[in-house]
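Peer 1: Each chain, written out:
There are 2 protein chains.
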Amino acid sequence: MTHANIPAGFRFAAMAAGLKKSQKPDLALIVSDQPATCAGVFTRNKVVAAPVVLTRDRLADGSCRAVLVNSGNANACTGEKGMADATRCGDLVAEQLEIPAEMVAVSSTGVIGQQLPMEKFEAAIPTLCTMLGEADGEAVARAMMTTDQFPKHSTFQADVDGVGYSLLGLAKGAGMIHPDMATMLGFILTDAAIDRGTLQEMLQRVTGTTFNAITVDRDTSTNDMVLVLANGAAGNKKISAGSPEAAVFEQGLHKVMLDLAKMIVRDGEGATKLVEVKIRGARGTADARLAAESVATSNLVKTAFFGADANWGRIIAAVGYSGADVDQGLVGISFDDVQVVEHGLWIGAEQEAMATQVLQAPEFTVTVDLGLGQGEFSYYTSDLTYDYVKINADYRT
Amino acid sequence: MTHANIPAGFRFAAMAAGLKKSQKPDLALIVSDQPATCAGVFTRNKVVAAPVVLTRDRLADGSCRAVLVNSGNANACTGEKGMADATRCGDLVAEQLEIPAEMVAVSSTGVIGQQLPMEKFEAAIPTLCTMLGEADGEAVARAMMTTDQFPKHSTFQADVDGVGYSLLGLAKGAGMIHPDMATMLGFILTDAAIDRGTLQEMLQRVTGTTFNAITVDRDTSTNDMVLVLANGAAGNKKISAGSPEAAVFEQGLHKVMLDLAKMIVRDGEGATKLVEVKIRGARGTADARLAAESVATSNLVKTAFFGADANWGRIIAAVGYSGADVDQGLVGISFDDVQVVEHGLWIGAEQEAMATQVLQAPEFTVTVDLGLGQGEFSYYTSDLTYDYVKINADYRT
Chain A
1 MTHANIPAGF
11 RFAAMAAGLK
21 KSQKPDLALI
31 VSDQPATCAG
41 VFTRNKVVAA
51 PVVLTRDRLA
61 DGSCRAVLVN
71 SGNANACTGE
81 KGMADATRCG
91 DLVAEQLEIP
101 AEMVAVSSTG
111 VIGQQLPMEK
121 FEAAIPTLCT
131 MLGEADGEAV
141 ARAMMTTDQF
151 PKHSTFQADV
161 DGVGYSLLGL
171 AKGAGMIHPD
181 MATMLGFILT
191 DAAIDRGTLQ
201 EMLQRVTGTT
211 FNAITVDRDT
221 STNDMVLVLA
231 NGAAGNKKIS
241 AGSPEAAVFE
251 QGLHKVMLDL
261 AKMIVRDGEG
271 ATKLVEVKIR
281 GARGTADARL
291 AAESVATSNL
301 VKTAFFGADA
311 NWGRIIAAVG
321 YSGADVDQGL
331 VGISFDDVQV
341 VEHGLWIGAE
351 QEAMATQVLQ
361 APEFTVTVDL
371 GLGQGEFSYY
381 TSDLTYDYVK
391 INADYRT
Chain B
398 MTHANIPAGF
408 RFAAMAAGLK
418 KSQKPDLALI
428 VSDQPATCAG
438 VFTRNKVVAA
448 PVVLTRDRLA
458 DGSCRAVLVN
468 SGNANACTGE
478 KGMADATRCG
488 DLVAEQLEIP
498 AEMVAVSSTG
508 VIGQQLPMEK
518 FEAAIPTLCT
528 MLGEADGEAV
538 ARAMMTTDQF
548 PKHSTFQADV
558 DGVGYSLLGL
568 AKGAGMIHPD
578 MATMLGFILT
588 DAAIDRGTLQ
598 EMLQRVTGTT
608 FNAITVDRDT
618 STNDMVLVLA
628 NGAAGNKKIS
638 AGSPEAAVFE
648 QGLHKVMLDL
658 AKMIVRDGEG
668 ATKLVEVKIR
678 GARGTADARL
688 AAESVATSNL
698 VKTAFFGADA
708 NWGRIIAAVG
718 YSGADVDQGL
728 VGISFDDVQV
738 VEHGLWIGAE
748 QEAMATQVLQ
758 APEFTVTVDL
768 GLGQGEFSYY
778 TSDLTYDYVK
788 INADYRT
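Keeping their order, the protein sequence lines are chains A and B. For the first sequence, this note's numbering begins at 1 and goes up steadily by one. For the second sequence, this note's numbering begins at 398 and goes up steadily by one.
Read the hints as simulated data drawn from the structure, not as lab findings. Computed from a predicted structure; not experimentally measured. From the three backbone atoms N, C-alpha and C, an ideal C-beta is built for every residue, glycine too. Incorrect hints may have been included.
[To be verified] DSS-like mimics (lysine-lysine), calculated; alpha carbons at most 25 Å apart, straight line: (1) B:Lys787 to A:Lys390; (2) B:Lys635 to B:Lys652; (3) B:Lys418 to B:Lys478; (4) A:Lys255 to A:Lys237; (5) B:Lys675 to A:Lys46; (6) A:Lys278 to B:Lys443.
[To be verified] Partial list, computed: chain B residues near chain A (C-beta under 7 Å): (7) Gly704; (8) Gln725; (9) Trp743.
[What the hints assert, rightly or not] Chain B is nowhere near these chain A residues, computed Cβ spacing over 12 Å in every case: (10) Arg56; (11) Ile99; (12) Lys120; (13) Thr130; (14) Ser240; (15) Glu245; (16) Val248.
With the hints as extra help, turn the sequences into a complete structure.
Peer 2: This is how it looks when you write it as structure tokens:
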């Protein structure tokens, strides 16, 4: 990530505050020099961590100056003290930066069910604020890591009437692997000026085909949060809904968020493969999504991917119980360009042998054509491996 | 299983017809000397095997004389030829026994996507019919086995006004493990006389809390079928809805079907533990079921069971995304009698250490009390182990 990619008007700081036993970086701060237009999507889990409740509430008016993020502790299932602590963390940032507390977002990821070590936050946050500008986006991504094997970031550039702007996406997550590790955080920063309602609609739409279209295991976390901050520092004419500029910005947002989403799957616990499960020919998009999710989350399908087994029987069964409209006599199944099933019937051993070769690759696409309509949806998944079981069974034992 | 448990008026035959490479028994016949009142439940998978389509249609009038069952080939995804072959198998039995073809049920389990080797059925079925009475229920259960490690049967006795009757349940299944293995078959035989509508309602009700309340993995098969045959040979006064006798019969049906369902979980691929996930205090039964299924099917929870990890963080997260109404401040979680979470908060290390001991056992109960109402539901699940991945990844490779 070159410095040129950083959107104008943002500064970063990151440090090790001792929240992780490993003493690795675990606390970071993102600051916009001007109030940024802010959009957010949050976990739908009914067990919600304190920082999610606080940030969802504070960003209701759509304006944000700073995002404080910590790893090592999720501040989830921590009751009233958890809410008070999350509030205090935000207040500490607000005091140091002399900005309204309502403009500070707080997010946490890490162990569930333990109270935040507030003395460490009290000591670290003032120091962190003095370090603003010393870190880059990658350093922030590193400070967000829990079970992640690598920091996740992606960028995009475009212009409005010749005025260039950029997007920088930062994320953490590797599937909700740990028992009590709260999973997925995403922050997308841009110096573009964009209408707030337009931005919120875009974020929700794009999330549906990126962060909400990936699976490592089926579990969703108490802390998931994606925020977009648009500070307008590029000085472009404000982007509004329905314009060509809005279409380009949404393409960029999709590119950055899909890059990050695929990185999360690739970094899935024990994963050795990244597989696109593409449903075509469904009655509609909703049906395509149902079928894609069913195949992408089937343990049988995921273990077959691990074993490089072109196992169409598991795939057609998963489509069959997905709830999507299916006529088994019309179903076609291919691995990349190798078709193994036509009109619901096995084509033969030769095609299956070729497909088995496709499954050796670290990345491939399974296409299921339902032959019923125009509905399409792609879901991204990993394989289910010994290491997935080992890591999750052995954790804490 | 002693002979005394066999309901009167039923005869069995079983043989090796060469459908399995192993040359083990793979073809069986159940015959009722008199037309039996018949109730059935069938897979909801939209990809449905030919024998399911045929039997569902033939039993529409609620009367049955014979059930032919084969393992080694599921006759699923076999198109029009599959339907013709299933019909021919039933016709062969009907001809030999000189009974109407409409009174013969046909069921198959085994590999998906391959046509039945009809020459073997043509040769074996006449012989099989001459062997009636030579086998017992356990022999039939053995002939139904595919990936099963042991034959599954259970019995129940009761009486109506001093007239004794019995139930014999036979099942096969070990979770839909194999790619292309079609899973679960259940046949419950009784010499009791019972009203057909009453029997069908009971079967659907009892299936909901037994065969539809277990999970090894989330996959459901193309061939699942459960039939109850009641031939009235006991000579009891016909049992009808709402009577005390009906209540006793339903208890018996539940006992037999729950025994078989638990055997299927215990026999789950790679499973080392049988766990009851019990939800209490839900707003209603539907919510309790949602939460129980969510916990019981979570890979994170199932791997934690394998690791004997009292992992309440994974459990509360699974309850949170189940769709059930949840107030995290009211949630209690216990492993057998050891409570680890109260009012949504961790009780402490001492309780968790005691819970870890509970998880060492091959069988235990996880109770989640939502504290919102009277809704209760129990789901039965296994742990997710290395062997699950190994068996499913290595199959055919």
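Peer 1: Please write out, lowest number first, the hints stated earlier that are contradicted by the structure.
Peer 2: none
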